[in-house]
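Novice: Chain by chain, the residues:
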Amino acid sequence: MSKLDLMLFEEEYNLLQEIIGRLSKDASAKVVFLVDKNGQQIAAAGDVKSIDATSLASLTAGNVAATDGLAKLIGEKEFSLLFHEGEKDNLHISIVGKRGILVVIFDQNSSLALVRLRVKKASRELQEIFDQVEQRAQKELDPGSRFESPFSEITDEDIDRLFGD
Amino acid sequence: MTFINYASREINCKIVYYGPGLCGKTTNIQWIYEQANPEKRGKLVSLATETDRTLFFDFLPLDMGTIKGFKVRFHLYTVPGQVFYDASRKLILRGCDGIIFVADSQRARMEANIESIANLATNLRENGFDIRTIPYVLQFNKRDMPSAASMTDLERLLRFRNEPMVEAVANQGIGVIDTLKAAARQILMELQRA
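Chains as they are written, first to last, in our numbering: chain A, 14 to 178; chain B, 39 to 232.
Quick caveat, the hints were computed from the structure, so don't treat them as lab data. There could be a bad hint or two in this list.
Each computed DSSO-like pair below joins lysine-lysine, with the alpha-carbon atoms no more than 27 Å apart [stated by the list, open to error]: (1) B:K128 x B:K81; (2) A:K43 x A:K101; (3) B:K81 x A:K43; (4) A:K152 x B:K106; (5) B:K128 x A:K85; (6) B:K128 x A:K90; (7) A:K133 x A:K62; (8) A:K50 x A:K62; (9) B:K81 x A:K62; (10) A:K50 x A:K85.
Using the sequences and the hints, build the whole thing.
Specialist: What follows is the structure in structure tokens.
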């Protein structure tokens, strides 16, 4: 497994979920998503069912990656915030630490100023959890670690079964 | 980068289809989309030009079933093959778990295949991966074309690490699933080695 693998345990996941749940309420948002920079959805809160979350995660990551490329072209490290204004709904995208992207979808029941304010606070809290996840992952890389992966005994048959053979 | 969520018991893997322009990367993914059980596939997202050339990427999420009690989900991506979209190709490789290289079997495209593999090696390196060790499958597409090179020639020119090879005619679905399966096998076996 590459050292970049992201492993989330229940406790960490619940903490992340709690933070974005609170953000969704405090910012009067419609939906809040926490996405990984590689395009995987990590957590979601609000009216989640109204949106194709998987496509949203992948397109957001693509968007952030492309904007990142643009930033580097003009000599910036990154653009930490992207804002897309629609007729009814708006999209507020911000970077959290090294690997997270926070997506807030809101309408006229909220405002850009409120969303920015709440996102700032939530980002700090999310960052702390991501740091903990990273520290734990580092520890598990240690050869003396007692962590045992549940995938240590995957067989060829397991894989064949995935493909219905 | 495999994302393992112990809370929702899910494993997410990212597989990228790479190869020269018009080799059939999008055709592979489209065929999988059309054949997959609608309950198990997500939406096929295609960021393409008006003439259906891939502009940024195609994306297809697939639920594969469970392994050791974890739901396995593959995220399939294609890159734009045209040479001048290199910056986009590099971005899409970010955090990938495995590569499917789709080679165009036609003799006239051999140079484009070789260039694309070299480009893949560079872009992987810039993302912190090594083309010699990352899960990797070589698909020889368009085997039905009259101008297709022999398998011996293709292997000699394009195979460099004893990787699995699959003969394919992607627009008829031949070899498409076998290719994906070969990639899945390597990626999941990689998890085992953790």
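Novice: Which of the numbered hints are not met once you compare them with the structure shown?
Specialist: Result: no hint breaks.
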